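So the protein sequences, as listed, match chains A and B. Going by the UniProt record's numbering, 392 is the number at position 392 of the first sequence; the sequence numbering is gapless. Going by the UniProt record's numbering, 185 is the number at position 185 of the second sequence; the sequence numbering is gapless.
One thing to keep in mind: the hints can contain errors.
Said to hold, decoys possible - In silico DSS-like links for lysine-lysine, alpha-carbon gap of 27 angstroms or less:
hint, chain 1, residue 1, chain 2, residue 2
1, A, LYS160, B, LYS212
2, A, LYS143, A, LYS212
3, A, LYS160, B, LYS204
4, B, LYS201, A, LYS137
5, A, LYS212, A, LYS154
6, A, LYS15, B, LYS127
7, B, LYS201, A, LYS143
8, A, LYS333, A, LYS51
9, B, LYS204, A, LYS159
10, A, LYS96, B, LYS201
11, B, LYS212, A, LYS159
12, A, LYS89, B, LYS201
13, B, LYS204, A, LYS106
14, A, LYS160, B, LYS201
15, A, LYS238, A, LYS51
16, A, LYS137, B, LYS204
17, A, LYS154, B, LYS204
18, A, LYS200, A, LYS51
For the record, the hints were derived by calculation from the structure and aren't laboratory data. Since this is a predicted model, take the numbers as computed values, not measurements.
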Amino acid sequence: MDKIEVRSVTKVFGKNPKRGVELLNQGLTKSDILHKTGMTVGVNQASFSIKDGEIFVIMGLSGSGKSTLVRLLNRLIEPTSGTVLIDGKDVTKMNKQELRNTRRNKMSMVFQRFALFPHRTILANTEYGLEVQKIPKEERHQKAMEALELVGLKGYEDKKPGELSGGMQQRVGLARALANDADVLLMDEAFSALDPLIRKDMQDELLDLQSKMQKTIVFITHDLDEALRIGDRIVLMKDGGVVQIGTPEEILMNPANRYVEQFVEDVDVTKVFTAEHVMKRPETIEVSRGLRVAMKIMKDEGVSTVYAIDKNKKFLGILYGDEAARAAEQGLKIQDVLKQVETVRLDTLLMDMFEVISGSSVPIPVVDEEGRLRGIVKRSAIIDVMADSSEVLNGDGVTK
Amino acid sequence: MSDTYHHFIPKIEIGTWVQDAVDAFVNHTETFFTGLGNGINWFVEQLVDGFTWINPFVFIIIVAAIAFWRSGWGVAIFSLVGLWFIFDLGYWPDTMQTLGLILTAIIISIIIGIPFGIWIGLSDAAKNIITPILDFMQTMPAFVYLIPVLFLFGTGMAPGVVATVIFSMPPTIRMAGLGIRQVPEDLIEASEAFGSTTSQKLFKVQLPLAMKTIMAGINQSIMLALSMVVIASLVAAPGLGAKVYLAVTQLRLDIGVESGLAIVIIAIVLDRITQNTRKNKS
Chain A
1 MDKIEVRSVT
11 KVFGKNPKRG
21 VELLNQGLTK
31 SDILHKTGMT
41 VGVNQASFSI
51 KDGEIFVIMG
61 LSGSGKSTLV
71 RLLNRLIEPT
81 SGTVLIDGKD
91 VTKMNKQELR
101 NTRRNKMSMV
111 FQRFALFPHR
121 TILANTEYGL
131 EVQKIPKEER
141 HQKAMEALEL
151 VGLKGYEDKK
161 PGELSGGMQQ
171 RVGLARALAN
181 DADVLLMDEA
191 FSALDPLIRK
201 DMQDELLDLQ
211 SKMQKTIVFI
221 THDLDEALRI
231 GDRIVLMKDG
241 GVVQIGTPEE
251 ILMNPANRYV
261 EQFVEDVDVT
271 KVFTAEHVMK
281 RPETIEVSRG
291 LRVAMKIMKD
301 EGVSTVYAID
311 KNKKFLGILY
321 GDEAARAAEQ
331 GLKIQDVLKQ
341 VETVRLDTLL
351 MDMFEVISGS
361 SVPIPVVDEE
371 GRLRGIVKRS
381 AIIDVMADSS
391 EVLNGDGVTK
Chain B
1 MSDTYHHFIP
11 KIEIGTWVQD
21 AVDAFVNHTE
31 TFFTGLGNGI
41 NWFVEQLVDG
51 FTWINPFVFI
61 IIVAAIAFWR
71 SGWGVAIFSL
81 VGLWFIFDLG
91 YWPDTMQTLG
101 LILTAIIISI
111 IIGIPFGIWI
121 GLSDAAKNII
131 TPILDFMQTM
141 PAFVYLIPVL
151 FLFGTGMAPG
161 VVATVIFSMP
171 PTIRMAGLGI
181 RQVPEDLIEA
191 SEAFGSTTSQ
201 KLFKVQLPLA
211 MKTIMAGINQ
221 SIMLALSMVV
231 IASLVAAPGL
241 GAKVYLAVTQ
251 LRLDIGVESG
261 LAIVIIAIVL
271 DRITQNTRKN
281 KS
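Generate coordinates for the entire structure from the input sequences, incorporating the hints supplied.
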C-alpha cells in the first residue's frame, strides 16, 4: 500500500514561480531557467510513491533539492505545483487546521542540526509535539518518557540540550519525533552532523527501532553508503529532478545513466554486496549417486573438486579428486572421504567473507537457512567485484 | 509686489490651517488626553506613595537583595552604599519621585513596545514602516517632544512621563524585533513541523529564545529614560531632574553635584539589576 504519493511536485523559488513551472513543462533545465529568469528550481516535477513501512531514502548532493523535497511533504515549504497524497489525502489542498492535524498525528520530523529547543529540558523537548496538542501533562510525560527510553536516554530528562553530545542530542530529536506516534518519520540528513562512528551506531539503532515499529521513514542523505545501508528503496536526485528510483541493488547494478554510474563508482561494494550476488553455480554430486559418477563429473568438467549434497540439496562437504580415487580403490563411500569446510550464508556481506576465503584453497560454499547448497564464491569473484562492480554483476551463473 | 502677486494667486495659509487643525484636534481629544494624563498621574502617585511609605532603610535593603539575586555581591554592596549616600544627602523624596516616573515610563514602554517589537520581528512590511519612525523618535531632539506634549497634557508629571516614553521606547521595540528575528530558522521549522499554531510558536519558542535580547532592549530603554529626567523637569515633572534644573538656573553647584550624583547612582543600580550579569546556567 502506498503511504505517500508524490505526483509531479515542483517548487520554483523566485518572483514568478508559475512561469517557472511553465518553462519546466516546456522542457527547460534548471540552469536555463536560472539564466533566463533568475529563478531557482528547487524541485522539478518529482513523482514517486512511498510504501507503508519502508525506509525510503532521498539521496542527492547538496543543491539537488532533496531537503526542499522533504519540506514539500509536510508543507514547511509550499509546493508551486503538483500534489502530495498522504493516506490518500492531498496535503497541498489542506487548510491550516487540517495541515496542523496532519503534522501532529501523521508526520513528524527529525532535523539535521537537531533543532532542539535550548530553553527546554530534554523531557520538555520530547513532549513538545504532544504539548501543542494540549494533551494532559501526565499522559504526555509518560509518552515522552517512553520515547526517551526507546532511544536509550532515560535518566537525562532533566538536562538541557546544551549539556548533551551531538549523538545524544539527535537521539532526543528522534525521541521527540517518536513521542507523537506519527506513522511517517521525515528525517532530514538526520545523521549527517554526527561523526562517522556515532553515525553508524545511529543507523543501526534506527534499523533496530524500525524492525520494532514499522514506521514509514523518509530519510534524506547525501551519503550513498548511508543510503545503501539503511534504504529499502532509494530515489536519486539531481538538479531537483528524480534520476532513478530503485532498491540499493538495482541502483548499483543498473545505473540509469552516466550520472548515477559516477555516483556509485566510489561505493565500497564489499559493504553492500552479499554472497548471493557473486556466487556461481557449483559442480555438485548427490551422494547416493556414488563415487563413479562423481569422478566422471570431475573429469568431464575439468575440475578437481565437487560439492557433495544429499537428496534435499543439503550441503555435506567437499569431495577432492585424489580422495575420490583413493576411496574408489579402498571401496569406500563418498560420505567417508568428504572434507568439511566453512560455509557462508546467502546474506553474508563480502567484507565479512575475507577471512574465510583467505583461509580456504577452494571456493566457499554458500548455503541458505536450511543448510542447502545454493552456490559457491570464488576468490576471483570478490576481487572482480571490487575491481569493477557493474560488469561482474551482470555476469553469468548465479543460481537463484 | 506681494500685493500684486496675491491679487492673482491666493496665499497658501498653511500656518492658519495647522493652527486650526491643532485646535480642532486638541478640542476633540481634550477629554481623552486629560483622562490619560490623570491616569498617568494617578499611577505615578501610587508608586511614589508606595515607595515613600516603605522605610528608606527597608527599601535600601530590598533593592540590595534584588541586586544580589540578579548580579551578585558587588552590585548589592554598591546599591547599599549608594542608596544610603542618597538618603544621607537628603534627596530621598526626589529619588522616589524620579523612580516613580521612570518605572511608569518603562512599564508603558514595555506594554506598547513589546507587541510592536514582535510585530516588526515577524513582518517585513511592519519593519519597513516602523523602523524609520523609530529613527525619527530617537534622532529628534528630545526637547521637541515637550511642545506637543505640553499642548495635550499641560505641565507636571504626566507630560514628563509621556515625553520619556516617546524617547526611551525605541530600543525596546528594536531589540524585541531583533530578538524574534534571531531565533534560528530550524527551531521555527521544528516548531511548525510539530503542528504548532502561530501563537504556540510565539509563546513557546520565539519569545523565550528572544528574552535575553528583549531584556537588553529594556535595559537600554531604562538608561534613556534616566537621561530624560532633567529634560522632563522643563515641563515641571518633579524629582531629581527638577533639582538639577534648579541648580542650573540658580547656579547652585552644590545642588547640581549632589542631585547629579544621585541620578548616576540610580542609573548604575538600575542598569546592573536589569542587565543580569550573573549568567544563567546553560
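So, going through the hints one by one against the coordinates:
For the suggested pair LYS160 (chain A) and LYS212 (chain B), the alpha carbons sit about 17 angstroms apart, so the restraint of at most 27 angstroms is met. For a cut-off of 27 angstroms, the pair hint linking LYS143 (chain A) to LYS212 (chain A) stands: about 17 angstroms separates their Cα positions. Of the supplied pair hints, the one linking LYS160 (chain A) and LYS204 (chain B) holds, its CA atoms being roughly 16 angstroms apart against a limit of 27 angstroms. Proximity of LYS201 (chain B) to LYS137 (chain A) is assessed by CA-CA distance (about 19 angstroms); at most 27 angstroms being required, the pair is judged to hold.
Taking the CA atoms of LYS212 (chain A) and LYS154 (chain A), the gap is near 19 angstroms; set against the 27 angstroms cutoff, the hint holds. A hinted pair counts as satisfied when its Cα atoms are at most 27 angstroms apart, and LYS15 (chain A) with LYS127 (chain B) qualifies at roughly 21 angstroms. Between LYS201 (chain B) and LYS143 (chain A) the CA atoms are separated by roughly 22 angstroms; this keeps the pair inside 27 angstroms, and the hint holds. The hinted pair formed by LYS333 (chain A) and LYS51 (chain A) fails the criterion: a straight-line CA distance of about 54 angstroms is larger than 27 angstroms.
Between LYS204 (chain B) and LYS159 (chain A) the alpha-carbon distance is near 18 angstroms, which keeps this suggested pair within the 27 angstroms criterion. As the CA atoms of LYS96 (chain A) and LYS201 (chain B) are separated by approximately 14 angstroms, the hinted pair is consistent with the 27 angstroms bound. At roughly 20 angstroms between alpha-carbon atoms, LYS212 (chain B) and LYS159 (chain A) fall within 27 angstroms of each other, so this suggested pair holds. For the hint linking LYS89 (chain A) to LYS201 (chain B), the alpha-carbon distance of about 26 angstroms falls within 27 angstroms, and the restraint holds.
Of the supplied pair hints, the one linking LYS204 (chain B) and LYS106 (chain A) holds, its CA atoms being roughly 22 angstroms apart against a limit of 27 angstroms. Of the pairs offered as hints, the one joining LYS160 (chain A) and LYS201 (chain B) holds, with about 19 angstroms between alpha carbons and a cut-off of 27 angstroms not exceeded. In summary, the hint linking LYS238 (chain A) to LYS51 (chain A) is supported, as the alpha carbons are separated by about 22 angstroms, within the 27 angstroms threshold. Taking the CA atoms of LYS137 (chain A) and LYS204 (chain B), the gap is near 16 angstroms; set against the 27 angstroms cutoff, the hint holds.
At most 27 angstroms may separate the alpha-carbon atoms for a hinted pair to count; LYS154 (chain A) and LYS204 (chain B) meet this at roughly 24 angstroms. A threshold of 27 angstroms between alpha carbons decides the hint, and for LYS200 (chain A) with LYS51 (chain A) the separation of about 25 angstroms falls inside it, so the pair holds.
Comparing the model with each earlier hint shows a violation of hint 8 alone; every other hint is respected.
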